[in-house]
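Undergrad: From first to last, the protein sequence lines stand for chains S and L. Numbering that gives the first Met the number 0 applies: residue 0 is where the first sequence begins, and numbers increase by one. Numbering that gives the first Met the number 0 applies: residue 0 is where the second sequence begins, and numbers increase by one.
Worth flagging that the hints you see were computed from the coordinates, not collected in a lab. Computed from a predicted structure; not experimentally measured. Be aware that one or more of the hints could be misleading.
[Unchecked claim] Derived CB-CB ranges, DEER-like: (1) L:Leu229 with S:Asn207: 51 to 61 Å; (2) S:Arg73 with L:Lys286: 47 to 57 Å; (3) L:Gln259 with S:Glu36: 50 to 60 Å; (4) L:Lys1 with S:Pro379: 22 to 32 Å; (5) S:Glu36 with L:Ala192: 22 to 32 Å; (6) L:Asn95 with S:Pro65: 21 to 31 Å; (7) L:Met388 with S:Asn94: 50 to 60 Å; (8) S:Thr190 with L:Arg279: 26 to 36 Å; (9) S:Ile3 with L:Asp232: 35 to 45 Å; (10) L:Ile3 with S:Gly82: 52 to 62 Å; (11) L:Asn95 with S:Glu196: 45 to 55 Å; (12) S:Pro65 with L:Lys1: 51 to 61 Å.
[To be verified] Footprint (simulated), chain L over chain S, 3 or more residues, beta carbon under 8 Å: (13) 44-51; (14) 351-365.
Built from N, CA and C at the ideal position, the CB exists for glycine as well.
There are 2 protein chains.
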Amino acid sequence: MKIISVDERTVPLTSDTSNAGISFSSMTASAVVIEIETTAGRFKGLGFSSYGRYGHGGLLKERFIPRLLEAHPRDFEDEVTQGFSMARFWETLMNNEKEGGHGERSGAVGVLETAMWDAWAKSEDLPLWALLEKNIGHVNDNGTPPGQTIVYASGGHYRESMANTNQLADEARISLDAGFAWFKLKVGGETTASDIERIESVITATGNSQLVAIDANCAFGNQKFDEHFLEIDKLNLRWIEEPVNPLDYEALSNVVDLVQTPIATGENLFALADVMNLLRYGGLKPKRDSLQMDIILSYGLTEYFGMIKFAKARGWSQRDFIPHAGHQLALHVSAGLGLGAHEIANAQDNPFYGVSFDTKIQNGIAILSDNPGIGIEYKPSIFQYFDGMLD
Amino acid sequence: MKIISVDERTVPLTSDTSNAGISFSSMTASAVVIEIETTAGRFKGLGFSSYGRYGHGGLLKERFIPRLLEAHPRDFEDEVTQGFSMARFWETLMNNEKEGGHGERSGAVGVLETAMWDAWAKSEDLPLWALLEKNIGHVNDNGTPPGQTIVYASGGHYRESMANTNQLADEARISLDAGFAWFKLKVGGETTASDIERIESVITATGNSQLVAIDANCAFGNQKFDEHFLEIDKLNLRWIEEPVNPLDYEALSNVVDLVQTPIATGENLFALADVMNLLRYGGLKPKRDSLQMDIILSYGLTEYFGMIKFAKARGWSQRDFIPHAGHQLALHVSAGLGLGAHEIANAQDNPFYGVSFDTKIQNGIAILSDNPGIGIEYKPSIFQYFDGMLD
């Protein structure tokens, strides 16, 4: 397998949403195209950044694309089979990168690796979920067969126009009607009383508190908010997400000990080295809590395999992994490896909204198509950013 | 105080050295100039990246410089005194940056903050060490008065031309003769036997094993190398630096428990959030081990103050802080706050080699001048990179 070209472009992703931490008014993302040549012909792989941590144009141009273009096709070969090896592709990207400092570059590597998975899957004429099932294996302990995954709706952002809770309740109701398994809303931006009011309006709308998860986006930093969490704990929610600073394992462990509600976290940890610490020190429990590392933001699927392996050795299951952000890579990995669920952004002004149109959603399940690759071509809100890059 | 302009440039820093982890053949750095206007006039502050993690051109252009240029002078004012506040300058840089992911951007913020410290100190007509002493306070528990700091030589790299240990011994002897307090060499690149041979040649040359520290540059990753460390422990060295992966606190704690030799680490942790975990889980002990976070690579001095504060609350002293990399910011902070020592790169082909020529080194101590700012202008090996930026 030979790399013919690698292109990248930084695009603005403006949105009027915000969470408890940041505004998304100046958010950017990277669109990447890798063209490869194999014995089966030439194929273009598409990669697109995940949401929330800015594009990677500078790092891609300065370090990671030059390394790919300078590499020899042999650098990507498995030493035994001589076939293409994603692990060796990944090692080429990480050549002369020091240990530690897992931010930014982890997303640059992840978006390039995404494009390469897309290209590789296309060269094998397979959807990525099937390539993963074939080469890695699907663990069917979440109740869905290969090519399918549970999907939930992630919404309930703070908005200028969302001053009252009626709209929030409507959004939750519409999401469940549309076939999502459960609904997640943002909290932590205001007072305990307003959080409870927001949550209760959604519980009323859905009719079942287990269909309601909340995301605090680290609103509580490194501080103790015991009474706040104890109030929320009474509501019997599906999970409390990112209650504290993502790296404050002591504060996280305190929350885990305090409440009965499951905890979900990990979207702001970008490397196996950090996930090892999360599992060692964060107090989380397998088969109860969820791990939400973002596959693209954390060095791609090669690193994600390492996270799964480390977690499994400590009693976790693939089902406990519910990756962050509704991107097509996460959709295919969830359906290919049998992860716990796929998150789908619910804000219609967000390009990550929904799934590719060749994916069917019904009864809480996404059923993926047999189209080769990861399917960015079938998701116009993302595919638009590649305009002119595929000529 | 008003920001007039911010310029940046990425420069190549080629060197034929390598450590146990990476080669430095394609290393880059960022040179930054911030021009400010105060009631005292206009001043240009210079910042230059620290060593070993690449320049930050992309991130500076994409996010951090635009934020500074879009800010209002009021955004940098202390809300009470109305004077310039570096904390508020820092908050402007970090606007709309999410928690976690502390790599790359931490160096971009750090190099901009460095330039701002240089500009601010110049506008006060003070060397930075004196500005820090005046505004923050000097803790004189390391035996040196304000404006002075202990200095040690960091060298002994692996080189093509360093096949035998004679050169290594010469390098150590020359360093102590030149007035450095102790000498550090690289290990971990080869076998235990070759490490011991390298170390013993330096002990013989210096005549005192307490004048010899070693740096493994994380050579041992997440693996156990108990016998290796037990062999080295017998040599009674000053410290063992970065024995394992910087984020593997469990592996670090195992090494700390295993050996009597003090441990030094932290140069690949780039945020207070990570340092909190290091101190909680790494097994390190105050007044024995050393903390080596790099002030520029880890969001600058504002974040470094937070690290010192957190560490002091757990029994550590400013003297236990020995920052990574011999840059002018670290020199002034060491001399201004009374840190444990300043590291000086010993490889003459490395632009970080030595200190500014207005700094005198004798008897293990660096005596800084009264020239305003951090003194990059007096260090030609770094100042050359600003050619044309100051017109």
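Undergrad: Honestly, which of those hints from before does the structure not fit?
TA: 4, 5, 7, 9, 11, 12, 13, 14
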